[in-house]
Amino acid sequence: MLDLTKKKRRIALGCEGSANKLGIGVILHEGDSLSSSTSTVLSNIRHTFVSPPGTGFLPKDTARHHRSFFVRIALQALSAANISISDIDCICYTKGPGMGAPLTSVAIAARTLSLLWNKPLVGVNHCVGHIEMGRAITGASHPVVLYVSGGNTQVIAYAEQRYRIFGEALDIAVGNCLDRFARTLEISNDPAPGYNIEQLAKQGGRVLLDLPYAVKGMDCSFSGILTRADELAAHMKNGGKGPDGEPFTPADLCFSLQETIFAMLVEITERAMAHVGSSQVLIVGGVGCNERLQEMMGAMAAERGGSVYATDERFCIDNGIMIAHAGLLAYETGFQTPIEESTCTQRFRTDEVLVKWRK
Amino acid sequence: MATDSPLTYPCSLTLDVPFPDARLANVALQALRVDKELSALVQRELSAADSTLKVQYKATTNRMLRVAVNSFFDSLALVLEVMEELDEDVIEARKAQEKTS
Numbered sequence: 001m002l003d004l005t006k007k008k009r010r011i012a013l014g015c016e017g018s019a020n021k022l023g024i025g026v027i028l029h030e031g032d033s034l035s036s037s038t039s040t041v042l043s044n045i046r047h048t049f050v051s052p053p054g055t056g057f058l059p060k061d062t063a064r065h066h067r068s069f070f071v072r073i074a075l076q077a078l079s080a081a082n083i084s085i086s087d088i089d090c091i092c093y094t095k096g097p098g099m100g101a102p103l104t105s106v107a108i109a110a111r112t113l114s115l116l117w118n119k120p121l122v123g124v125n126h127c128v129g130h131i132e133m134g135r136a137i138t139g140a141s142h143p144v145v146l147y148v149s150g151g152n153t154q155v156i157a158y159a160e161q162r163y164r165i166f167g168e169a170l171d172i173a174v175g176n177c178l179d180r181f182a183r184t185l186e187i188s189n190d191p192a193p194g195y196n197i198e199q200l201a202k203q204g205g206r207v208l209l210d211l212p213y214a215v216k217g218m219d220c221s222f223s224g225i226l227t228r229a230d231e232l233a234a235h236m237k238n239g240g241k242g243p244d245g246e247p248f249t250p251a252d253l254c255f256s257l258q259e260t261i262f263a264m265l266v267e268i269t270e271r272a273m274a275h276v277g278s279s280q281v282l283i284v285g286g287v288g289c290n291e292r293l294q295e296m297m298g299a300m301a302a303e304r305g306g307s308v309y310a311t312d313e314r315f316c317i318d319n320g321i322m323i324a325h326a327g328l329l330a331y332e333t334g335f336q337t338p339i340e341e342s343t344c345t346q347r348f349r350t351d352e353v354l355v356k357w358r359k
Numbered sequence: 001m002a003t004d005s006p007l008t009y010p011c012s013l014t015l016d017v018p019f020p021d022a023r024l025a026n027v028a029l030q031a032l033r034v035d036k037e038l039s040a041l042v043q044r045e046l047s048a049a050d051s052t053l054k055v056q057y058k059a060t061t062n063r064m065l066r067v068a069v070n071s072f073f074d075s076l077a078l079v080l081e082v083m084e085e086l087d088e089d090v091i092e093a094r095k096a097q098e099k100t101s
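Going down the list, the sequences are from chains A and B. Residue 340 in the UniProt record's numbering sits at position 340 of the first sequence, with consecutive numbering throughout. Residue 74 in the UniProt record's numbering sits at position 74 of the second sequence, with consecutive numbering throughout.
No lab work stands behind these hints: they were computed from the structure. Heads up, a few of these hints could be off.
What the hints assert, rightly or not - As a list, the in silico DSSO-like pairs of lysine-lysine whose alpha-carbon atoms are at most 30 Å apart:
no. : chain 1 : residue 1 : chain 2 : residue 2
1   : B       : Lys58     : A       : Lys60
2   : A       : Lys8      : A       : Lys241
3   : B       : Lys95     : A       : Lys7
4   : B       : Lys99     : A       : Lys119
5   : A       : Lys8      : B       : Lys95
6   : A       : Lys7      : A       : Lys356
7   : B       : Lys54     : A       : Lys8
8   : B       : Lys36     : B       : Lys54
9   : A       : Lys241    : A       : Lys202
10  : B       : Lys58     : B       : Lys36
11  : A       : Lys119    : B       : Lys95
12  : A       : Lys119    : B       : Lys54
13  : A       : Lys359    : A       : Lys7
14  : A       : Lys60     : B       : Lys36
15  : A       : Lys356    : A       : Lys119
Please model the complete structure; the sequences and the hints are all you need to start from.
Take a look at the structure:
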């Protein structure tokens, strides 16, 4: 480990399971110094636990899913990476934030691998994993980061070795609002509820229904919007009419919900950009896959003479490679997690992590 | 309600889990003892004696005991599967077999 930065090839295995996606990936860092090293994805395997329409994924069932798929996914990740155990420098796992039982199920497997293979463990913050993978894939240099998923909604900017939270959702994450509304409309959760809302929204747009717009300074709130959207859905099911006296459809509801919540995200992101003096936006997290969000953010960024960076679903949806990448970056600075401390935590603020691998 | 009497744990269960060797029993011990029990109504003690993992559960009620032990078995099953499929010698053997086939 002392010679780690002099070692030309450094490889980490990463395990992610904080929500309903189990992801295991292998990453390679090559190069002499940390600032000029390159990252290569050797493998990135994922399996998603999908619950029936009208339901969400519960911790106990999700943990059971992760336990039953861990070995299978790990074997696929190792085989696709075409490496041997002796090539691996460390085992990275998601310490948090996320759902307790699923996090712990993956941590137990990661600990077992660490002990069997005699490799150090590195606990990783899930949010930092998303950010570092976004940076690596897009090459964005000084972006404001919008991290939006089913579990998190944060506007983040890097300063002095911390990813600082400039604004966030005060109650539920934007992705949670979408996932729960999908349940109301009994939209399929396969491949993901938000994806299906996005497709349905493309068929809407005849009418923009009135939903409360809840930006509060640098922060925003989604539970009120969800309540109102649920009310409108019930109204629609009872044969109620829209504001123009005409009936409206689930597609109109999806369209209206997206337009409202994405406009809110664009506003708080722009506020942070003005504060920090940045013109770049990096969108990470599962909701970042949404093309309408990327389009609206792009319009705002272009007006400011900047641009939007986003990754594809391999990296914006929860995955193991981002954990491997962020974990290996930390390991290269001398960080590791002793096994007795390799617990998981449902709450783990993004700014708790000392980003030693950046200036 | 009762006064400040300390909790008693009348319901208990002892498990002796045999492993192929002391190394694996110790791996299981170290992997499983990190997480604290979720409920204060359950107490757990883990130790390794040679190739046996010794598990002691105590709880305030049979229901709490059953829930805690079932959860422990789920985690133990995962540890065992990882050992059976992902230990170094297993992976080497699988690679060697793939090369010859």
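Hints, one by one, checked against the model:
For the suggested pair B:Lys58 and A:Lys60, the alpha carbons sit about 22 Å apart, so the restraint of at most 30 Å is met. A distance of roughly 66 Å separates the Cα atoms of A:Lys8 and A:Lys241; the hinted pair therefore is violated under the 30 Å criterion. Annotation: proposed proximity of B:Lys95 to A:Lys7 holds, straight-line Cα distance about 26 Å (limit 30 Å). Restraint check: the Cα-Cα separation between B:Lys99 and A:Lys119 comes to about 26 Å, which is no more than 30 Å; the hinted pair holds.
At roughly 25 Å between alpha-carbon atoms, A:Lys8 and B:Lys95 fall within 30 Å of each other, so this suggested pair holds. Of the supplied pair hints, the one linking A:Lys7 and A:Lys356 holds, its CA atoms being roughly 19 Å apart against a limit of 30 Å. For a cut-off of 30 Å, the pair hint linking B:Lys54 to A:Lys8 is broken: about 44 Å separates their Cα positions. For the hint linking B:Lys36 to B:Lys54, the alpha-carbon distance of about 17 Å falls within 30 Å, and the restraint holds.
A hinted pair counts as satisfied when its Cα atoms are at most 30 Å apart, and A:Lys241 with A:Lys202 qualifies at roughly 21 Å. Distance restraint check for B:Lys58 and B:Lys36: the Cα-Cα separation of roughly 14 Å lies within the 30 Å cut-off, and the hinted pair is therefore satisfied. Pair hint A:Lys119 plus B:Lys95 holds up; C-alpha atoms about 20 Å apart against a cutoff of 30 Å. For a cut-off of 30 Å, the pair hint linking A:Lys119 to B:Lys54 stands: about 25 Å separates their Cα positions.
Of the pairs offered as hints, the one joining A:Lys359 and A:Lys7 holds, with about 21 Å between alpha carbons and a cut-off of 30 Å not exceeded. Taking the CA atoms of A:Lys60 and B:Lys36, the gap is near 17 Å; set against the 30 Å cutoff, the hint holds. Only pairs whose Cα atoms come within 30 Å are accepted, and A:Lys356 paired with A:Lys119 is accepted, the gap being roughly 21 Å.
The structure fails to meet hints 2 and 7 from the earlier list, while all remaining hints are met.
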